[in-house]
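Visitor: Could you build the full structure based on these sequences and the hints that come with them?
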Amino acid sequence: GQYPWIARLIYKRKIDNKMRNVSECGGTIISEKYILTAAHCGPKRMGIPLISVRLGEHRIYTNPDCDRRVCAPPVQDIQVEEHKCHENYYRFVRQNDICLLRMASPIRFNGNKNFY
Numbered sequence: 011g012q013y014p015w016i017a018r019l020i021y022k023r024k025i026d027n028k029m030r031n032v033s034e035c036g037g038t039i040i041s042e043k044y045i046l047t048a049a050h051c052g053p054k055r056m057g058i059p060l061i062s063v064r065l066g067e068h069r070i071y072t073n074p075d076c077d078r079r080v081c082a083p084p085v086q087d088i089q090v091e092e093h094k095c096h097e098n099y100y101r102f103v104r105q106n107d108i109c110l111l112r113m114a115s116p117i118r119f120n121g122n123k124n125f126y
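Letter by letter, the sequence shown follows residues 11 to 126 of the numbering used here.
Derived from the structure by calculation, the hints contain no laboratory data.
Don't take every hint at face value.
Stated by the list, open to error - Below are the DSS-like pairs computed for lysine-lysine, each with C-alpha atoms no more than 25 Å apart in a straight line:
1) 24 <-> 43
2) 28 <-> 94
3) 94 <-> 43
To be verified - Simulated DEER-style distance windows between Cβ atoms:
4) 24 <-> 76: 11 to 21 Å
5) 108 <-> 29: 21 to 31 Å
6) 79 <-> 102: 19 to 29 Å
7) 59 <-> 96: 11 to 21 Å
8) 98 <-> 42: 20 to 30 Å
9) 93 <-> 27: 27 to 37 Å
10) 78 <-> 26: 32 to 42 Å
11) 114 <-> 23: 19 to 29 Å
Please read all numbers here as calculations on a predicted model, not as lab measurements.
Every residue, glycine too, gets a C-beta built ideally from N, C-alpha and C.
Guide: What follows is the structure in structure tokens.
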């Protein structure tokens, strides 16, 4: 994709009396197992559970993303295995607003550090 380091955080939210997957925060890939995000985007953002991370997606309405007949690889959805948010995060002023997410499986990169 055009921005291969971007990660979308996918949460489960009730919309119109149905449980739906929504992307309400983002993060940055820092290694094959870790995503860096904000603590306010942590695993229970506003009471809704974080279920996975979506990689390789810039435009949410297409899979794969294509631009001028060149298409990116399909997206990767990876479960979050563990999180570690700053222990002194203070949500009212957003101090120490940082969190690491460890993926349940490694991110698949191709030779250019883009995604398969």
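Visitor: So, for every hint listed, does it hold in this structure?
Guide: Tested hints:
1. 24 <-> 43: It is violated: about 29 Å lies between the C-alpha atoms, which goes past 25 Å.
2. 28 <-> 94: violated (30 Å)
3. 94 <-> 43: Answer holds: residue 94 to residue 43 is near 13 Å, not above 25 Å.
4. 24 <-> 76: 11 to 21 Å: Cβ of residue 24 to Cβ of residue 76: about 32 Å, so the range 11 to 21 Å is violated.
5. 108 <-> 29: 21 to 31 Å: holds (29 Å)
6. 79 <-> 102: 19 to 29 Å: Between residue 79 and residue 102, where Cβ atoms are some 49 Å apart, the hint is violated.
7. 59 <-> 96: 11 to 21 Å: holds (20 Å)
8. 98 <-> 42: 20 to 30 Å: At 28 Å between Cβs, range holds.
9. 93 <-> 27: 27 to 37 Å: With Cβ atoms ~29 Å apart, the hint holds.
10. 78 <-> 26: 32 to 42 Å: Since the Cβ atoms of residue 78 and residue 26 sit about 36 Å apart, the hinted range of 32 to 42 Å holds.
11. 114 <-> 23: 19 to 29 Å: Holds, at about 21 Å.
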